[in-house]
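Novice: Spelled out, the chains give:
Number of protein chains: 2
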Amino acid sequence: MTDLFSFELLAEDGNARAGIFHTPHGDLPTPLFAPVGTQATVKAITPNQLLELNAQLILSNTYHLFLRPGADLVAEMGGLHNFMHWPRPILTDSGGFQVFSLSDTRKVDMDGVTFKSHIDGSTRRLTPETSIQVQEQLGADIIMTFDECATPDDRTYIERAMQRTHQWAERCLQAKSRSDQALFGIVQGGIYTDLRTQSAEFISSLGFPGHAIGGLSVGESKMDMHAILELVNPILPKNKPRYLMGVGSPEDLVNGILRGVDLFDCVLPTRLARHHAAMTFTGRLNMMNASFAHDPRPMDENCTCYACQNFSRAYIRHLIAAKEMLSATLISIHNIHTLLEIARRARQAIFDRRYATFCAEFLANWHHRTSKGAL
Amino acid sequence: MTDLFSFELLAEDGNARAGIFHTPHGDLPTPLFAPVGTQATVKAITPNQLLELNAQLILSNTYHLFLRPGADLVAEMGGLHNFMHWPRPILTDSGGFQVFSLSDTRKVDMDGVTFKSHIDGSTRRLTPETSIQVQEQLGADIIMTFDECATPDDRTYIERAMQRTHQWAERCLQAKSRSDQALFGIVQGGIYTDLRTQSAEFISSLGFPGHAIGGLSVGESKMDMHAILELVNPILPKNKPRYLMGVGSPEDLVNGILRGVDLFDCVLPTRLARHHAAMTFTGRLNMMNASFAHDPRPMDENCTCYACQNFSRAYIRHLIAAKEMLSATLISIHNIHTLLEIARRARQAIFDRRYATFCAEFLANWHHRTSKGAL
Chain A
0 MTDLFSFELL AEDGNARAGI FHTPHGDLPT PLFAPVGTQA TVKAITPNQL LELNAQLILS
60 NTYHLFLRPG ADLVAEMGGL HNFMHWPRPI LTDSGGFQVF SLSDTRKVDM DGVTFKSHID
120 GSTRRLTPET SIQVQEQLGA DIIMTFDECA TPDDRTYIER AMQRTHQWAE RCLQAKSRSD
180 QALFGIVQGG IYTDLRTQSA EFISSLGFPG HAIGGLSVGE SKMDMHAILE LVNPILPKNK
240 PRYLMGVGSP EDLVNGILRG VDLFDCVLPT RLARHHAAMT FTGRLNMMNA SFAHDPRPMD
300 ENCTCYACQN FSRAYIRHLI AAKEMLSATL ISIHNIHTLL EIARRARQAI FDRRYATFCA
360 EFLANWHHRT SKGAL
Chain B
0 MTDLFSFELL AEDGNARAGI FHTPHGDLPT PLFAPVGTQA TVKAITPNQL LELNAQLILS
60 NTYHLFLRPG ADLVAEMGGL HNFMHWPRPI LTDSGGFQVF SLSDTRKVDM DGVTFKSHID
120 GSTRRLTPET SIQVQEQLGA DIIMTFDECA TPDDRTYIER AMQRTHQWAE RCLQAKSRSD
180 QALFGIVQGG IYTDLRTQSA EFISSLGFPG HAIGGLSVGE SKMDMHAILE LVNPILPKNK
240 PRYLMGVGSP EDLVNGILRG VDLFDCVLPT RLARHHAAMT FTGRLNMMNA SFAHDPRPMD
300 ENCTCYACQN FSRAYIRHLI AAKEMLSATL ISIHNIHTLL EIARRARQAI FDRRYATFCA
360 EFLANWHHRT SKGAL
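Heads up: the sequence lines are chains A and B, in that order. Numbered according to numbering that gives the first Met the number 0, the first sequence terminates at residue 374, and the numbering increases by one at each position without gaps. Numbered according to numbering that gives the first Met the number 0, the second sequence terminates at residue 374, and the numbering increases by one at each position without gaps.
Some hints could be false.
No copy labels: a pair is met if it fits in one copy or bridges any two.
[To be verified] Simulated crosslink set (SDA-like; lysine to any residue; CA at most 20 Å straight-line):
hint: 1; residue 1: Lys-322; residue 2: Leu-271
hint: 2; residue 1: Lys-221; residue 2: Lys-237
hint: 3; residue 1: Lys-175; residue 2: Glu-7
hint: 4; residue 1: Lys-106; residue 2: Leu-205
hint: 5; residue 1: Lys-322; residue 2: Thr-281
hint: 6; residue 1: Lys-322; residue 2: Ile-118
hint: 7; residue 1: Lys-322; residue 2: His-274
hint: 8; residue 1: Lys-175; residue 2: Arg-344
hint: 9; residue 1: Lys-322; residue 2: Thr-356
hint: 10; residue 1: Lys-237; residue 2: Asp-119
hint: 11; residue 1: Lys-237; residue 2: Glu-128
hint: 12; residue 1: Lys-175; residue 2: Ala-10
Since the hints were derived computationally from the structure, they do not count as laboratory data.
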């Protein structure tokens, strides 16, 4: 595995890091944001459009593909890269997060989880071993251990879930058979510093080629999220990439990088696009806002993406009003570009040893709610 | 106008013709199929994807843009080319066809039509003069006279509608003020040969730079459609392009070209795509067909479009089942490619003086319903 996967740490600036994670389908420059293609497609855009955006890594969801179209079919079609025609690296999650989100219809035991499919209500089961088997059939470059992501406010349950996550991490390592996939271990432990320390130390000890921090951005405060990142990242080995799962708002990206995170993924850019919200470097714009009806400017005047180079706010607002699919396509292109660009600029700032300034300036300009057309 | 617009007839083969229509936004090689962008967007695809398909001309609908976002706004944004970012020629219809489709909510008088908006129920009015005014604000290269498209089976009404169409054609010519737009006259007359003859002769006499045949593909038989084309086209002047409005199934394209038509438009490729049907050179495929679930072949094995070069039937079927927008995008790309390619091959066959053979072979392979996965 060390032949196919390795992490080069190229620069450090405080806790922020710039590097390259080498994978069989190409090099990943870090810090990096990965758009999400839940059902083997990043919603509303083609792989060609993703390449034009210079996206490097995409995430796809084991839970969804396990249920539909099924891992056997994807394997039969030559694996996920071939099936969805994405030539660059792919990461699959383990299914754990989605399964545990089905709080009413799942039953956890020490061996795995039984749950009802959200598609047809059928009873299905995932264990550490079957999650790895499915992920091996899908064939992503980076795969994840099967973990239990518990609700953030129940310490007793979180501790039990963490213990289970640790046992399952070892079983996933045992179950893994392909040498061309990097299996990342996941740190859990909620917002409890002693549990997070214990989890980071245990997971680090297992020799994974990369580490993920799970169970954040699930309802805890930003302050708690930052505190956990400041606690966990220094425990994780420096020479391996660190992945903050499911996190990807602009401010979380910038704050995560400041605290030593290398990889991010989030459905936010494409989900917001379908709800008419454009992400900019200063906040969100609700593209349906009446003030945009006659606005000839692009979504973001400083943006170089295809959507901003060629289409006005007035046109995009018209597309939304007319219920035209192109609105989701154009806003998705723009939103993904924005997150990729934030990561690219952050990387350059780290090389230039001015990341703290970059971060402070970004956050000073950032507004959760903009005054005009806010969502 | 003769400076900016001219039709070069390059080859004839029987009644089939190959030529070039020169316009301010570029040359149109004929025979040509124009995809439809009803609301200033060809549904589910970007202008860049249309350019990759080498589409030359697109049609947009005056009725829809008049109601939303309004011609004033489009003009304020620099016209339709700029608003929707389409650098090549655009054709707008006059609104007549859509208005007359609103059979329950419109009232025709000699001066124009009053109708209720399908969007908000408001009372709106179009006349020959306002249709031209709206089309001048939209700024397409080719614009159309305001006509009355009557139901095909009522001779008395069709005759009255034809007379009105003739008077309105003269009023449109009078109303026209921009020199950088070519106004095409429209022949009506239903399926009645004497009326069609009269209409073709009258419209031809008015000196339009191009002529359209309206009121076909509205319920009449294929045999009637062919008979009308065989009657009308020889009356229309040879040195001007002939446009068969709203027609664009593969077999209608091939049959129309055989009978001397140069331009076609139709919503069929994008509408079928949203209903999961792929157009091939032999018929339609319903991409949801169960037999495609494990099919690694592209929609059309002989196709060079982006969708067929990169994606399997199994993947497209998965996208449809998962309700992913990408299915409409990929099938639209393929279907538009198919119609553009039929026109390109037809053009070459005319240059090669083998159009009759091309047409016969195409129709021999063509099945309205295919045996497998038919729609």
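Novice: Work down the list of hints and note, for each, if the structure agrees.
Specialist: Going down the list of hints, with the structure as the test:
Taking identical chains as interchangeable, the C-alpha atoms of Lys-322 and Leu-271 lie at most 20 Å apart whether they share a chain (15 Å) or sit on different chains (18 Å). Taking the shortest alpha-carbon separations for Lys-221 and Lys-237, neither the intra-copy value of 24 Å nor the inter-copy value of 73 Å comes in at or below 20 Å. In this homomeric assembly, Lys-175 and Glu-7 never come within 20 Å of each other (Cα to Cα): the closest approach is 24 Å inside a single copy and 67 Å across copies. Taking identical chains as interchangeable, the C-alpha atoms of Lys-106 and Leu-205 are never at most 20 Å apart, the minima being 27 Å within one chain and 79 Å between chains.
Taking the shortest Cα distances, Lys-322 and Thr-281 never come within 20 Å of each other, neither inside one copy (27 Å) nor across copies (33 Å). For the homomeric pair Lys-322 and Ile-118, the shortest alpha-carbon distance between copies (12 Å) is at most 20 Å, but the shortest distance inside one copy (26 Å) is not. In this assembly of identical chains, the alpha carbons of Lys-322 and His-274 lie at most 20 Å apart whether taken from the same copy (11 Å) or from different copies (17 Å). For the homomeric pair Lys-175 and Arg-344, neither the shortest alpha-carbon distance inside one copy (36 Å) nor that between copies (53 Å) is at most 20 Å.
For the identical chains of this complex, Lys-322 and Thr-356 are neighbours neither inside a copy (42 Å) nor across copies (44 Å), given an alpha-carbon limit of 20 Å. Proximity of Lys-237 to Asp-119 under the C-alpha cut-off of 20 Å is found in neither arrangement, the shortest distances being 44 Å within a copy and 61 Å between copies. Taking the shortest Cα distances, Lys-237 and Glu-128 never come within 20 Å of each other, neither inside one copy (28 Å) nor across copies (73 Å). Proximity of Lys-175 and Ala-10 under a CA criterion of 20 Å is satisfied in neither setting, with 32 Å inside one chain copy and 66 Å between copies.
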